[in-house]
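Enquirer: Turn these sequences into a full structure, and let the hints guide you.
Quick note on numbering: the working numbering labels position 29 of the sequence shown as 29, and the sequence is numbered without any gaps.
Derived by calculation from the structure, the hints in this document are not laboratory data.
Please note: incorrect hints may appear among the correct ones.
As the list claims (entries may be wrong) - Straight-line alpha carbon distances no greater than 20 Å define the calculated SDA-like cross-link-like pairs of lysine to any residue that follow:
hint : residue 1 : residue 2
1    : Lys69     : Pro175
2    : Lys115    : Pro16
3    : Lys174    : Gly146
4    : Lys35     : Asp161
5    : Lys69     : Pro16
6    : Lys133    : Gln8
7    : Lys53     : Ile9
8    : Lys115    : Lys38
9    : Lys133    : Pro16
10   : Lys38     : Arg157
11   : Lys93     : Glu58
12   : Lys53     : Pro89
13   : Lys133    : Asn14
14   : Lys154    : Thr172
15   : Lys174    : Glu131
16   : Lys91     : His48
17   : Lys174    : Thr158
18   : Lys53     : Pro85
19   : Lys174    : Asp155
20   : Lys38     : Asp155
21   : Lys174    : Thr7
22   : Lys35     : Ala116
23   : Lys154    : Ile164
24   : Lys168    : Ala130
25   : Lys184    : Ala3
26   : Lys27     : Leu95
27   : Lys115    : Ile9
28   : Lys93     : Gly26
29   : Lys53     : Pro175
30   : Lys69     : Arg157
31   : Lys38     : Phe13
32   : Lys53     : Gly146
33   : Lys184    : Asp90
34   : Lys182    : Gln86
35   : Lys168    : Lys182
To be verified - Simulated DEER-style distance windows between Cβ atoms:
hint : residue 1 : residue 2 : range
36   : Pro145    : Gly12     : 26 to 34 Å
37   : Lys168    : Glu94     : 37 to 45 Å
38   : Lys69     : Lys184    : 34 to 42 Å
39   : Ala98     : Ser32     : 39 to 47 Å
40   : Asn19     : Trp183    : 18 to 26 Å
Ideal Cβ positions, reconstructed from N, Cα and C, are used throughout, including at glycine.
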Amino acid sequence: MAAIETTQIELGFNAPDFNLPDTVSGKMMSLSDFKAEKATLVMFICNHCPFVKNIWDELIRLGNDYQSKGVSIIAISSNDAANYPQDGPDKMKELAEATNLPFPYLFDESQEVAKAYDAVCTPDFSIFDAEMKCVYRGQLDDSRPGNGTAANGKDIRTALDALIAGEKVSATQKPSIGCNIKWK
1 MAAIETTQIE LGFNAPDFNL PDTVSGKMMS LSDFKAEKAT LVMFICNHCP FVKNIWDELI
61 RLGNDYQSKG VSIIAISSND AANYPQDGPD KMKELAEATN LPFPYLFDES QEVAKAYDAV
121 CTPDFSIFDA EMKCVYRGQL DDSRPGNGTA ANGKDIRTAL DALIAGEKVS ATQKPSIGCN
181 IKWK
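Expert: In C-alpha cells:
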C-alpha cells in the first residue's frame, strides 16, 4: 500500500466538464447536472483502496449532511477495472447500493476525467464554489488506516461550511493521501 499525496496545483481553476455513466442508474451524467448553489465536491475514490475504506462511512455522512445545504457531491472511480475488477462498474454499483450511497458514483473508464482534474490518488478531493472555481484541494481529515484517528471529515466540512456561510475558504490546506490511481 504505497501512499501518495494529492498533486498541489494553484487554486482557482475551473472544474473540468465530463460525461460519465452513473454505475447505479446507468444514466450518463455531466458536470452541469451537479452544479450546486453553494459548492460542488468532486472526489476520486474506488472500492478497494484501504484509505477510501477507512473513510467510507464519513463520505456517506457528508452526503447526507450537506446535499440539503446547497452542496452537490460526486464520486468518480478512474481505476483500471481490467486489472482491478473490484473497482469495475458492477462492483461499484453493488457497493453503492449496499451502503445507500447518497450521491452518484461515476465510472471514468478512459481515465481522462481523472487526468483533467489532476487526480492521482484515492481519495482525491476538490471543492468548487458556486462559480465552479476550485477553492479547496486537500484531505478529508487526519484519519488514515491504522493511525487510530476516527474519520470525521473535519477539513472538508470546514471548507464546505465556509462556502455555505458565504465566507472565504482558508488557503491553508493539507493534501489528501491515498493509493495511487490504477492507470492503464
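Enquirer: Work down the list of hints and note, for each, if the structure agrees.
Expert: Each hint, compared with the structure:
Note on Lys69 and Pro175: the hinted pairing is violated, with a Cα-Cα distance of about 25 Å set against a maximum of 20 Å. This hinted pair checks out: Lys115 and Pro16 have alpha carbons roughly 10 Å apart, not beyond 20 Å. Simply put, Lys174 and Gly146 have alpha-carbon atoms about 19 Å apart, close enough for the 20 Å limit, and the pair holds. Between Lys35 and Asp161 the CA atoms are separated by roughly 17 Å; this keeps the pair inside 20 Å, and the hint holds.
The hinted pair formed by Lys69 and Pro16 fails the criterion: a straight-line CA distance of about 23 Å is larger than 20 Å. Among the hinted pairs, Lys133 with Gln8 is consistent with the structure: their alpha-carbon atoms are about 15 Å apart, no more than 20 Å. Our distance criterion of 20 Å between C-alpha atoms is broken by Lys53 and Ile9, whose separation comes to about 26 Å. Proposed proximity of Lys115 and Lys38 is contradicted: the alpha carbons are some 25 Å apart, above 20 Å.
A threshold of 20 Å between alpha carbons decides the hint, and for Lys133 with Pro16 the separation of about 10 Å falls inside it, so the pair holds. Using a Cα cut-off of 20 Å, the hinted pair Lys38 and Arg157 holds, with the two alpha carbons roughly 13 Å apart. Restraint check for Lys93 and Glu58: the C-alpha separation of about 19 Å stays at or below 20 Å, so the hint holds. The hinted pair formed by Lys53 and Pro89 meets the criterion: a straight-line CA distance of about 17 Å does not exceed 20 Å.
A hinted pair counts as satisfied when its Cα atoms are at most 20 Å apart, and Lys133 with Asn14 qualifies at roughly 5 Å. The suggested pairing of Lys154 with Thr172 holds, with an alpha-carbon distance near 14 Å, which does not exceed 20 Å. Taken as a hint, the Lys174 and Glu131 pair is broken in the structure, with Cα atoms around 23 Å apart against an allowance of 20 Å. Between Lys91 and His48 the alpha-carbon distance is near 10 Å, which keeps this suggested pair within the 20 Å criterion.
For the proposed pair Lys174 and Thr158, the alpha carbon gap of about 13 Å is at most 20 Å, so the pair holds. Pair hint Lys53 plus Pro85 holds up; C-alpha atoms about 16 Å apart against a cutoff of 20 Å. Of the supplied pair hints, the one linking Lys174 and Asp155 holds, its CA atoms being roughly 8 Å apart against a limit of 20 Å. Under the criterion of a C-alpha separation no larger than 20 Å, the hint pairing Lys38 with Asp155 is consistent with the structure, at around 17 Å.
Taken as a hint, the Lys174 and Thr7 pair is honoured in the structure, with Cα atoms around 11 Å apart against an allowance of 20 Å. Note on Lys35 and Ala116: the hinted pairing holds, with a Cα-Cα distance of about 17 Å set against a maximum of 20 Å. Distance check on the hinted pair: Lys154 and Ile164 sit about 15 Å apart at the alpha-carbon level, within 20 Å; holds. Using a Cα cut-off of 20 Å, the hinted pair Lys168 and Ala130 holds, with the two alpha carbons roughly 12 Å apart.
For the hint pairing Lys184 with Ala3, the CA-to-CA distance comes to about 18 Å; that is within 20 Å, so the pair holds. Annotation: proposed proximity of Lys27 to Leu95 holds, straight-line Cα distance about 17 Å (limit 20 Å). Our distance criterion of 20 Å between C-alpha atoms is met by Lys115 and Ile9, whose separation comes to about 13 Å. For a cut-off of 20 Å, the pair hint linking Lys93 to Gly26 stands: about 9 Å separates their Cα positions.
A distance of roughly 18 Å separates the Cα atoms of Lys53 and Pro175; the hinted pair therefore holds under the 20 Å criterion. Annotation: proposed proximity of Lys69 to Arg157 holds, straight-line Cα distance about 12 Å (limit 20 Å). For the hint linking Lys38 to Phe13, the alpha-carbon distance of about 17 Å falls within 20 Å, and the restraint holds. The suggested pairing of Lys53 with Gly146 holds, with an alpha-carbon distance near 12 Å, which does not exceed 20 Å.
This hinted pair checks out: Lys184 and Asp90 have alpha carbons roughly 19 Å apart, not beyond 20 Å. A hinted pair counts as satisfied when its Cα atoms are at most 20 Å apart, and Lys182 with Gln86 qualifies at roughly 12 Å. Using a Cα cut-off of 20 Å, the hinted pair Lys168 and Lys182 is violated, with the two alpha carbons roughly 34 Å apart. Remark: the range hint 26 to 34 Å for Pro145 to Gly12 is upheld by a beta-carbon distance near 32 Å.
Between Lys168 and Glu94 the CB atoms are about 40 Å apart, so this pair conforms to the stated range of 37 to 45 Å. Between Lys69 and Lys184 the CB atoms are about 37 Å apart, so this pair conforms to the stated range of 34 to 42 Å. Under the hint 39 to 47 Å, the C-beta atoms of Ala98 and Ser32, about 29 Å apart, miss the expected range. Between Asn19 and Trp183 the Cβ separation comes to about 21 Å, which falls inside the hinted range of 18 to 26 Å.
Taken one by one, the earlier hints fail for this structure at numbers 1, 5, 7, 8, 15, 35 and 39, listed in ascending order.
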